[in-house]
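Given next are the chains, with one letter for each unit.
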Amino acid sequence: MKQNLEDQTLTSIKQNEKTGACCSSPLYGSKTISILSSQSQKVIRSTSSDITFSDHLDHFIARLGVKREKHIVEPGLYAMGIPKKESPVFVSANYTLSFDALRSSLKGIDCYILVLDTKGINVWCAAGKKTFGTNELVYRIEIVGLDDIVNHRTLIVPQLGATGINSKEVRARCGFKVEFGPVRADDLPEYLKTHHATDEMRRVRFTLYDRIVLIPVELNNFLLPFLIVSVILALTGNYTAVAATIATAISGLVLFPILLPWIPTTDFSTKGFIIGGLTALPFVQYSIYGMMDETLWVRYVWGLAYLLVIPSISAFLALNFTGSSTFTSVTGVKSEIFTYMPKVAVISGIGILLIIVLTSMRILEGI
Amino acid sequence: MFNSYISNTLEYDPELCINCGMCSIVCPHRVFRMDGKVVKLLDPLSCMECGACQLNCPTKAIRVDGGVGCASAMMLAAIKGKKEVTCGCDSSCC
Ligand code: SF4
Ligand code: SF4
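Protein chains in written order, with my numbering: chain A, 1 to 367; chain B, 1 to 94.
Next comes chain B alone, as it looks inside the complex:
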């Protein structure tokens, strides 16, 4: 109840992992941990879908639907009926 953050789009295929450690370097929420022969998902629910791991994994072992997590941009896109969300708030956000 009152937790919308119980699922996300992060997918990891240990079969493809070559244990290079890149994902555990770039992840700002410490989702991965180097452990044994392949990297392990330590805390997948704290993934914020920033996409850094996917972009930097050399073997495409990670998939995540990244995007702009900006609620006002998403609502605006929903209202305008656009599929793609772009953070148009260059001048106000972050």
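With the rest of the complex left out, here is chain A:
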């Protein structure tokens, strides 16, 4: 139970967030103790390193990209185990996946976790938006009264939070020293032995697993247009085109993230073109050699339409995936947009036009 606060307390926390007043020393223990006074922000909630079934379920739903705003942890201070005044303080985001990754990595370590209000966004993305930022950190330290709770002045912040947190400024404003820990929470136990992170711990990766877990969100973002197009094409009785639409969705949204590092070229757009080209080939072949009841030119035009539309849609989806990748720079992505997107728009535009004409002809012939 991470949010076992009574509604009443919650309301008063919200009301008091603006004032940020603090004075009396807060109570804390292994259970949540809420102080129903004007200092009610100074609540220390308890948590554990156990990931329960309902946490797993929550992660699963969060990964599907469903109701993202629901996967939040109440910002504030959490006690794990029985922390003492000298226990370490870790900083996290109020997204359940971030918070749970941290607490599950800290098995058997008595500590505090300071959860910032990042609006339910993970540490890195929130740091980019500066919600996981200097101001929020300093503010949160103040309102939970961290000064009185611990007798040291060190915070362990995930390395990727550095995009939003200026360690020098934090120190100047509230006296706490920011220590940037490893990129991944799993490396924390190793890190805590020496407080030194190896090069590998400091490097962000984009593993097969990392890419696979992004697939549901990709599907969630783009599946609807594909479904609509499939339904329309199915109504015209053109099942080859329906299959091509589904194949494009699968190759662009599922195969592309999986195969990313192994597809030739560096640019995401050209990688997408390649994957889309391969996807288009069987449909081009089928149109030309398989649709024997159609006239020759109709067959060739269908083939051409597939060859134009599938790779360009695929390139567009691929370029969008840069937003989820962990290494593309803004300058590079901009340059990709300028280099390829005008061409993609023209090519797919012509292809789509051909499909509309061919489909209208089918419908007219049907009548």
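The hints are simulated quantities; they were obtained by calculation from the structure and are not laboratory data. Among the hints, erroneous ones may be present.
Stated by the list, open to error - With a Cα cut of at most 25 Å, we get these calculated SDA-like pairs of lysine to any residue:
1. B:Lys60 - A:Val138
2. A:Lys334 - B:Arg30
3. A:Lys168 - B:Gly36
4. A:Lys129 - B:Lys60
5. A:Lys334 - A:Arg205
6. A:Lys129 - B:His29
7. A:Lys168 - B:Ile18
8. A:Lys334 - A:Leu214
9. A:Lys168 - B:Lys40
10. A:Lys107 - A:Ser49
11. A:Lys334 - B:Ile79
12. A:Lys193 - B:His29
13. A:Lys119 - B:Ala73
14. A:Lys334 - B:Thr9
15. A:Lys129 - B:Ala73
16. B:Lys37 - A:Ala197
17. A:Lys129 - B:Ile79
18. A:Lys130 - B:Gly21
19. A:Lys130 - B:Thr59
20. A:Lys334 - B:His29
21. A:Lys129 - B:Pro58
22. B:Lys40 - B:Ser7
23. A:Lys85 - A:Asp148
24. A:Lys119 - B:Ser72
25. A:Lys343 - B:Met1
26. A:Lys168 - B:Thr59
27. A:Lys130 - B:His29
What the hints assert, rightly or not - Sample of chain A residues lacking proximity to chain B, with all beta carbon distances greater than 12 Å (derived):
28. Arg173
29. Leu259
30. Ile352
Unchecked claim - Among chain B residues calculated to face chain A with C-beta under 10 Å, some are:
31. Ser24
32. Cys50
33. Ala52
34. Gly67
Please read these numbers as outputs of a predicted model, since none were measured by experiment. For every residue, glycine included, the Cβ atom is placed at its ideal position computed from N, Cα and C.
Based on these hints, arrange chain B with the ligands on the given structure of chain A.
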């Protein structure tokens, strides 16, 4: 050919560096290396312009144009004719 990632906005002035090591701690792509009296640019092309080094360098020896590297946000901004790109995809990205 087919590599748009051959340049970026990372600039580093060794004259200003006091060798504190902050940049090499925060960089998720190991662009800097502590070496001798000042830090060295080991692999500037793998910089993703996250801005962490610039924000945490105490002497402003590093400059980089950070920003939201979200293609859909950028395209949307370009279409709408806005200069500033904000990742409005709170509910879908990352
Ligand atoms: S953070 Fe700045 S001063 Fe410190 S080592 Fe890097 S460049 Fe030098
Ligand atoms: S902007 Fe980010 S990726 Fe680039 S050098 Fe600085 S810390 Fe490294």
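Hints breached by this structure:
none
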